[in-house]
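Enquirer: Sequence:
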Amino acid sequence: MVLYITGALNAVFSLNHQREMKRYIYNHQNEDGGWGFHIEGHSTMFGSALNYVALRLLGEGPDDGEEKAMERSRKWILDHGGLVATPSWGKFWLTVISLSLSTSFEKNGKI
1 MVLYITGALN AVFSLNHQRE MKRYIYNHQN EDGGWGFHIE GHSTMFGSAL
51 NYVALRLLGE GPDDGEEKAM ERSRKWILDH GGLVATPSWG KFWLTVISLS
101 LSTSFEKNGK I
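Letter by letter, the sequence shown follows residues 1 to 111 in full-length UniProt numbering.
These are calculated hints, taken from the structure and not from any lab test. Since we're looking at a predicted model, the values are computed, not measured. Some hints here could point you the wrong way.
Pairs of lysine-lysine, DSS-like flavour, derived with a Cα cap of 27 Å [said to hold, decoys possible]: (1) 22 - 68; (2) 75 - 22; (3) 91 - 68; (4) 22 - 91; (5) 91 - 75.
Computed Cβ-Cβ distance ranges for the label pairs, DEER-style [stated by the list, open to error]: (6) 31 - 62: 15 to 23 Å; (7) 81 - 56: 14 to 22 Å; (8) 78 - 39: 17 to 25 Å; (9) 16 - 61: 15 to 23 Å; (10) 41 - 91: 16 to 24 Å; (11) 42 - 16: 29 to 37 Å.
For glycine and all other residues, C-beta sits at the position ideal for the given N, C-alpha and C.
Taking the hints into account, I'd like the entire structure generated from these sequences.
Expert: Below, the structure written as structure tokens:
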């Protein structure tokens, strides 16, 4: 997330690295569509929200992923209270990203 915020994501990670990061995240998605706090954990809002956002920052669309992985994760998040149910550290990172996107939009007129 920090590399995205600073604009260095593509400079630090090649497209092959980014593809492998997405594959790793997808491989640890739980059957219910969410992600845990750690790779073997049950789905939590913190894990699900940050992994979903990480995939979006890596270029995944809202309907991407095998077996509707992104759609299933979004459904899990919404079914469990939405992003407002994210614990404080999750809200912190989501706020930092939001501020980054807002600043980018103000400077460039695009996100």
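Enquirer: All hints are to be evaluated individually against the structure, with a verdict given for each.
Expert: Hint check results:
With a C-alpha separation of about 14 Å, the suggested pair residue 22 and residue 68 falls inside the 27 Å cut-off, and the hint holds. At most 27 Å may separate the alpha-carbon atoms for a hinted pair to count; residue 75 and residue 22 meet this at roughly 19 Å. As the CA atoms of residue 91 and residue 68 are separated by approximately 26 Å, the hinted pair is consistent with the 27 Å bound. Taken as a hint, the residue 22 and residue 91 pair is honoured in the structure, with Cα atoms around 22 Å apart against an allowance of 27 Å.
Distance hint between residue 91 and residue 75 is fulfilled; the C-alpha atoms sit about 19 Å from each other, no more than 27 Å. The beta-carbon spacing between residue 31 and residue 62, approximately 20 Å, falls within the hinted interval of 15 to 23 Å. With their beta carbons about 19 Å apart, residue 81 and residue 56 fall inside the hinted range of 14 to 22 Å. Between residue 78 and residue 39 the C-beta distance comes to about 23 Å, which sits within the given range of 17 to 25 Å.
Range check, residue 16 to residue 61: Cβ separation about 19 Å, and the 15 to 23 Å hint holds. One distance hint, 16 to 24 Å for the beta-carbon pair residue 41 and residue 91, holds here, with the actual separation near 20 Å. Between residue 42 and residue 16, the C-beta spacing of about 31 Å keeps the proposed range 29 to 37 Å intact.
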